[in-house]
Amino acid sequence: MSIGRLSLSTQARDTFWRSLQALTVTRIVIALVLLLYLAFDVQGGAARALPGYAHACFFYLGTAVCFSALTLFWRRRFPVQLASQVAVDLAVISLLYLVAGGVRSGLGILYLFPLAGAAILAPLVPALFSAAIATLFILSYAAWQLAAGEAEPGLMQSGLYGIAFFAVVWLMNRLAARLIGQEELAAQRGLDLQVQQAINEIVIADVGDGVLVVGSDGRIHTANPAARRMLGMEAAAGLMLDGLPGLEPVAHAFAGWMGTGSTVGPAAAPTLAAVEPVPGEAGPDAAYVILKPYQDVAVGEAGLRARRDQPAHLKLRFARVAGGGGTPARSVIFLQDVSAIENQAQQLKLASMGRLTASIAHEVRNPLSAIGHATALLAEDLHGKAEVRLLKIIGDNVARVNRMVEDILQLSRKAQPYAEPVQLAPFLLELKAEFCETQALADEMLWLGGAGAIEVRFDALHLREVLVNLLGNAIRYASRAPGSIRIWPELDAFGTLELHVQDDGPGITPEVRAHLFEPFYTTSSKGTGLGLYLARELCLNNGAKLDYESRFDLRSNTAPRGPRKASGRFVITFAQLQESSL
1 MSIGRLSLST QARDTFWRSL QALTVTRIVI ALVLLLYLAF DVQGGAARAL PGYAHACFFY
61 LGTAVCFSAL TLFWRRRFPV QLASQVAVDL AVISLLYLVA GGVRSGLGIL YLFPLAGAAI
121 LAPLVPALFS AAIATLFILS YAAWQLAAGE AEPGLMQSGL YGIAFFAVVW LMNRLAARLI
181 GQEELAAQRG LDLQVQQAIN EIVIADVGDG VLVVGSDGRI HTANPAARRM LGMEAAAGLM
241 LDGLPGLEPV AHAFAGWMGT GSTVGPAAAP TLAAVEPVPG EAGPDAAYVI LKPYQDVAVG
301 EAGLRARRDQ PAHLKLRFAR VAGGGGTPAR SVIFLQDVSA IENQAQQLKL ASMGRLTASI
361 AHEVRNPLSA IGHATALLAE DLHGKAEVRL LKIIGDNVAR VNRMVEDILQ LSRKAQPYAE
421 PVQLAPFLLE LKAEFCETQA LADEMLWLGG AGAIEVRFDA LHLREVLVNL LGNAIRYASR
481 APGSIRIWPE LDAFGTLELH VQDDGPGITP EVRAHLFEPF YTTSSKGTGL GLYLARELCL
541 NNGAKLDYES RFDLRSNTAP RGPRKASGRF VITFAQLQES SL
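Residue numbering for the sequence shown follows the working numbering, starting at 1 and increasing by one per position.
Bear in mind the hints are in silico, worked out from the structure with no lab data behind them. Note that this is a predicted model, so its numbers are computed, not measured. Each residue gets a CB set at the ideal place from its N, CA and C atoms; glycine is no exception. Don't take every hint at face value.
[Stated by the list, open to error] The calculated EDC-like cross-link candidates involving lysine to aspartate or glutamate, where the alpha carbons are at most 20 Å apart (straight line), are:
no., residue 1, residue 2
1, K545, D337
2, K392, D381
3, K315, E511
4, K315, E518
5, K315, D209
6, K315, D206
7, K545, E490
8, K432, E490
9, K545, D459
10, K545, E465
11, K315, D337
12, K315, D285
13, K385, D396
14, K432, D459
15, K315, D547
16, K545, E455
17, K545, E420
18, K432, E455
19, K545, E518
20, K392, E380
21, K432, E444
22, K432, D443
23, K545, D492
[To be verified] Distance windows between CB atoms, simulated:
no., residue 1, residue 2, range
24, L191, I109, 40 to 46 Å
25, S84, R174, 23 to 29 Å
26, L32, Q157, 25 to 31 Å
27, L193, V332, 14 to 20 Å
28, Q423, E363, 40 to 46 Å
Using the sequences plus the hints, can you model the full thing?
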């Protein structure tokens with residue numbers, strides 16, 4: 001491959017010009033060496049001391065300097081410059097060869113310098129033409145010496161020189177062509193890679209899902225705008241996943257996927273993560289996390305700002321990128337905000353149900369009342385065991401349907417809260433006594449953590465309804481051992497008050513967790529599927545938030561001690577905390 005081909009890239013042409021500059025520098029060095037050789041007069045006044053030899057050396061040095069300046073400051077007409085330089089080289093070396101006495105001088109080896117340069121920088125045919133000129137000159141001079149009756153014309157040695165010239169030119173040209181071809185291929189692939197990288201940056205920047213590139217140590221290398229928006233950060237590159245307490249759920253999920261079982265990073269703190277594996281996904285390659293609001297804080301050495309004003313329910317998907325050639329392996333975390341999707345799904349269900357609520361009181365409640373009244377009248381006259389059992393079945397189902405009707409009607413009218421300060425400690429004690437008496441539970445089964453002087457602003461009736469719903473779910477799965485159901489307040493990392501409700505049961509499966517707060521979803525044959533949905537709506541009406549979280553340690557100082565294992569709990573996050581002695 002040569003400079004004459006139009007397919008050469010800009011990088012390849014720059015390589016040719018640099019090679020030509022190196023050739024001119026080498027020419028200057030050779031001229032200086034010849035002059036020094038002359039100055040020392042190694043052969044003591046032989047042909048090299050003749051004036052022609054000195055003039056040729058000085059001329060060669062001068063033209064070498066001119067060629068060097070020309071290639072440095074005027075990068076035009078590369079073939080002309082190369083041809084003129086090779087022609088001058090051949091002419092000067094031939095003159096020196098003649099003055100020095102021919103093949104016996106040993107200067108024939110200097111022909112390899114311009115011939116090698118031509119082989120590298122010119123096409124094969126011009127390079128072989130240059131080798132042919134040098135060979136013909138040497139052979140012609142040897143033949144003239146033979147005709148002149150020289151004792152040792154060196155005809156054989158001249159022929160070997162010619163063979164060497166052709167061999168060197170052909171070999172150097174082929175090697176140069178291969179190297180230039182590889183450089184062209186690398187340059188083309190580099191351009192393709194730049195285009196692909198630009199396309200990837202555009203796609204990643206515009207995609208709605210967040211993308212994080214994370215190292216095995218939990219350090220964030222890249223984050224697209226969607227990820228920074230979901231995490232509430234101005235910039236994320238260079239930060240640790242656990243560098244901000246509000247991001248610990250993501251750090252914990254990543255650590256669980258990596259198999260470390262603990263938060264990544266050099267200073268892993270007890271996790272606040274709410275993590276559940278995603279149903280339908282293979283293994284732990286995906287998880288749900290809940291990011292809670294956090295205040296405006298400075299992150300990292302650069303003081304980057306981070307803040308989240310609203311909670312976010314994110315679905316995380318993990319993918320590993322294997323490193324090659326000693327490159328550290330990295331992982332990609334895809335973030336999808338599923339809060340809007342969940343709300344939209346719930347609104348669609350409620351919209352389809354809205355047409356039913358208009359006539360449900362008249363079409364369903366009146367027949368239910370008639371059935372209930374008829375059952376009560378029959379119970380006065382029928383006293384057989386079989387009749388009593390059948391009447392009880394009728395009564396239980398009437399009550400269940402009536403409760404479902406009440407829940408559906410409650411959905412159609414938004415409950416207005418009467419928020420007032422509620423002392424949490426006496427409220428929980430009263431609720432415990434009432435609930436244990438109603439459900440016939442042992443007093444020690446329900447454990448209350450110290451609430452101190454905590455005061456929250458919440459409608460007392462709504463808070464009671466929410467907690468009764470959560471406790472009703474808990475007693476179905478708890479072991480009924482002492483402390484098997486626990487309620488305690490806790491402050492998160494940013495000082496926000498939370499109320500935790502937990503039992504020692506097996507926890508909620510990922511499949512159920514994905515639909516936990518959806519209306520009309522239930523795993524109980526006696527449930528309506530509206531309890532948890534109504535509980536969350538009541539919390540939202542009072543400025544609070546209800547979520548289900550999976551924890552991997554009991555980090556609260558007030559929670560009862562127990563085995564450190566994965567457990568689920570419902571968490572009520574209150575809007576504000578007025579007084580606290582936690």
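Verification of the supplied hints:
1. K545 x D337: holds, 17 Å
2. K392 x D381: Cα-Cα ~14 Å, so holds.
3. K315 x E511: Given that 20 Å is the threshold and the Cα spacing comes to 14 Å, the pair holds.
4. K315 x E518: The hint holds at about 17 Å.
5. K315 x D209: holds, 10 Å
6. K315 x D206: Holds. K315 to D206 sits at ~19 Å (cutoff 20 Å).
7. K545 x E490: Status holds; Cα separation ~14 Å.
8. K432 x E490: The given pair, whose Cα atoms are some 18 Å apart, holds under the 20 Å limit.
9. K545 x D459: At roughly 14 Å apart (the allowed maximum being 20 Å), D459 and K545 satisfy the hint.
10. K545 x E465: At roughly 15 Å apart (the allowed maximum being 20 Å), E465 and K545 satisfy the hint.
11. K315 x D337: holds, 6 Å
12. K315 x D285: Roughly 11 Å separates the two Cα atoms, so the pair holds.
13. K385 x D396: At roughly 16 Å apart (the allowed maximum being 20 Å), D396 and K385 satisfy the hint.
14. K432 x D459: Roughly 18 Å between the alpha carbons, so the hint for K432 and D459 holds.
15. K315 x D547: holds, 15 Å
16. K545 x E455: holds, 17 Å
17. K545 x E420: Holds, at about 17 Å.
18. K432 x E455: holds, 18 Å
19. K545 x E518: Given that 20 Å is the threshold and the Cα spacing comes to 15 Å, the pair holds.
20. K392 x E380: This hinted pair holds, its Cα atoms lying about 13 Å apart.
21. K432 x E444: It holds: about 10 Å lies between the C-alpha atoms, which stays within 20 Å.
22. K432 x D443: holds, 8 Å
23. K545 x D492: With Cα atoms ~14 Å apart, K545 and D492 stay inside 20 Å; holds.
24. L191 x I109: 40 to 46 Å: For I109 against L191, whose Cβ atoms are near 42 Å apart, the range 40 to 46 Å holds.
25. S84 x R174: 23 to 29 Å: holds, 25 Å
26. L32 x Q157: 25 to 31 Å: holds, 27 Å
27. L193 x V332: 14 to 20 Å: Holds, at about 19 Å.
28. Q423 x E363: 40 to 46 Å: For E363 against Q423, whose Cβ atoms are near 44 Å apart, the range 40 to 46 Å holds.
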